[in-house]
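The hints should help you fit chain B onto chain A, whose structure is shown.
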Amino acid sequence: MSLSLDDVQRIALLARIAIDPGEEQTVLDGLNRVMELIGEMQAVDTTGIEPMSHALDVTQRLREDVVSEVDQRARYQANAPAVENGLYLVPKVIE
Amino acid sequence: MNWEIVIGIETHAQLAAASKIFSGASTAYGAAPNTQASAVDIALPGVLPVLNKRAVECAIKFGLAVGATINRRSVFARKNYFYPDLPKGYQISQYELPIVKGGSLTILTKQGEKTVRLTRAHLEEDAGKSLHEDFHGMSGIDLNRAGTPLLEIVTEPDVHSAEEAVAYAKALHALVRWIDICDGNMQEGSFRCDANVSVRKPNAPLGTRAEIKNLNSFRFMEQAIQYEVKRQIEILEDGGKLVQETRLYDPDRDETRSMRSKEDAHDYRYFPDPDLLPLEVSEAWIEQVKGSMPELPQARYGKLIAYGLLPDQANQHMSSRESSTFALSAFTGASRNDIPSLSNWITGPLSAKLNEESLEFAQSRVTSEQLRRLVARIDDGTLSRKMAKEVFDAMWSGEGDADAIIEKRGLKQLSDSTAVEKIVDEVLAANAKQVEDYRAGKAKAFNALIGQVMKATKGKANPQQVNEILRRKLSG
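Each protein sequence line maps, in turn, to chains A and B.
For the first sequence, the numbering used here begins at 1 and goes up steadily by one.
For the second sequence, the numbering used here begins at 96 and goes up steadily by one.
These aren't lab readings, by the way, just hints derived from the structure by calculation.
These numbers come from a predicted model, not from an experiment.
Using N, Cα and C, we set each Cβ at its ideal position, and we do this for glycine too.
Just to be clear, a hint being listed does not mean it is correct.
What the hints assert, rightly or not - If you want a taste of the chain A side facing chain B, the calculated C-beta under 10 Å gives, among others:
#1 Gln42
#2 Ala55
#3 Asn79
Claimed, not checked - When the alpha-carbon atoms are kept at most 25 Å apart in a straight line, the in silico PhoX-like pairs for lysine-lysine are as follows:
#4 B:Lys265 with B:Lys308
#5 B:Lys503 with B:Lys537
#6 A:Lys92 with B:Lys224
#7 B:Lys174 with A:Lys92
#8 A:Lys92 with B:Lys183
#9 B:Lys265 with B:Lys196
#10 B:Lys528 with B:Lys553
#11 A:Lys92 with B:Lys503
To be verified - From the derived model, a few chain A residues whose C-beta atoms are all more than 12 Å from chain B:
#12 Ile19
#13 Asp20
#14 Asn32
#15 Glu40
#16 Met41
#17 Thr46
#18 Thr47
The following block holds chain A by itself, in its conformation from the complex (with noise of 0.2 Å):
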């Protein structure tokens, strides 16, 4: 499977990546590259292997229901462009 320019700019879009237009084609190169890999990949035969979801083979530790943080807003907020009233502010978006 090969992916065409109109993917790129889907893509992009998706991950807020902005390419300009000179890019497109490099960036497309690029991806039609690990789509070939990923093509090698699934012609391997796997029949019988259960699929993983993580590459180390070991599970999820838990911890317990324990409130350990205490409140550290102003450090944080420091590094913050605008705050106000404690919020984090943020250009207006309204869907």
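Quick look at chain B alone, frame taken from chain A:
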């Protein structure tokens, strides 16, 4: 024309955990903005999520309560989209392998019992909150809610009317509180429903659906679905076409409005979250959770029915686990005749008092045992209904048991028939006019005479007994 309504419901239940699903920040409601948003919740670089055991336990409890399969292995996935109240740029959820698969819930509608099949229930984190009031043309973001543990419960398209949808939502709401996995507070957003609504001709393939959001009360849910069904049918009957979209219910205008159409909707590009390993739930853990579960609503309901209550009556004791516990404890050891009356005392005067003082059944000032003894005193003729209410009020104010109050206040009903007969004779002698009127066929005069006797006994006579004696004497 005949249309079939098809509804599937998705519910987000906030799980009863003190800390967040992947961090040690508090989930308490109403804190100052961003004071409960830790480095993990605001997605600072280099942090890693660690799963909360209690959240998993809640999901297991739910799965057991609805007879579902608990997947021994489930996987967390990233649901990718961009919104300022989602700092990571993705929500951690479960996609291909949720923790709970299948199961069902029985609901009661006017048409009788019905089973709604569940597709799945999966663990996920909540997003933060965007405030669109005016901050100099900007939006304010509060991330206290980000990372709050949620269980998303999804039904099959088995619901076929607004009434059924509400019955399902209520049954689910009662169940999650019953098994202590969610406080069910809809005002605070702890229990939120979305409805996928479509219509079709009988036996036709499924129609185009609209997802209605913002159903934060049972009443809104009913109104929104009714409105949406009507809207869809009107469009189709006018020869129009529906678009798949998300619609928001506006209770002020009682209508649904389009939020976004599916065309430009997100492609979430789910993939397994490499920060989280697969979740394994052992057989031993499931057994341990099973052992800690309270008796389930269906079993409780069965016990109430076994005491001879009618379905509607039994249901009135099923609003919460505590309510049914109180009723069953009152019925235990009561005489069979007293049970309907006891049931009425619990759903009537007792519930009224509890509501008045915002108390739970467990905090009732009159115990189930005290109430049982009070009703027994009505049954054996000691107390009239009116006197019983006085004794109940006295019990509520802490004056002790029914018998002690009856003794102290001299409230015994006068059932010694010679004493009552004597008073009746006196009343008849003193009210010759009424006696004459009665004999002349005026039924009203009889009630006046009863009233006189009750007055003479200060309300302590048994009205039924007075009635009998009066009738006998007047016909003589």
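Here is how each hint holds up against the structure:
| no. | hint | in the structure |
| --- | --- | --- |
| 1 | Gln42 | violated, 16 Å |
| 2 | Ala55 | holds, 7 Å |
| 3 | Asn79 | holds, 9 Å |
| 4 | B:Lys265 with B:Lys308 | holds, 17 Å |
| 5 | B:Lys503 with B:Lys537 | violated, 41 Å |
| 6 | A:Lys92 with B:Lys224 | holds, 13 Å |
| 7 | B:Lys174 with A:Lys92 | holds, 23 Å |
| 8 | A:Lys92 with B:Lys183 | holds, 19 Å |
| 9 | B:Lys265 with B:Lys196 | holds, 21 Å |
| 10 | B:Lys528 with B:Lys553 | holds, 23 Å |
| 11 | A:Lys92 with B:Lys503 | violated, 71 Å |
| 12 | Ile19 | holds, 16 Å |
| 13 | Asp20 | holds, 21 Å |
| 14 | Asn32 | holds, 18 Å |
| 15 | Glu40 | holds, 20 Å |
| 16 | Met41 | holds, 16 Å |
| 17 | Thr46 | holds, 17 Å |
| 18 | Thr47 | holds, 20 Å |
Hints 1, 5, 11 from the earlier list are contradicted by this structure; the remaining hints agree with it.
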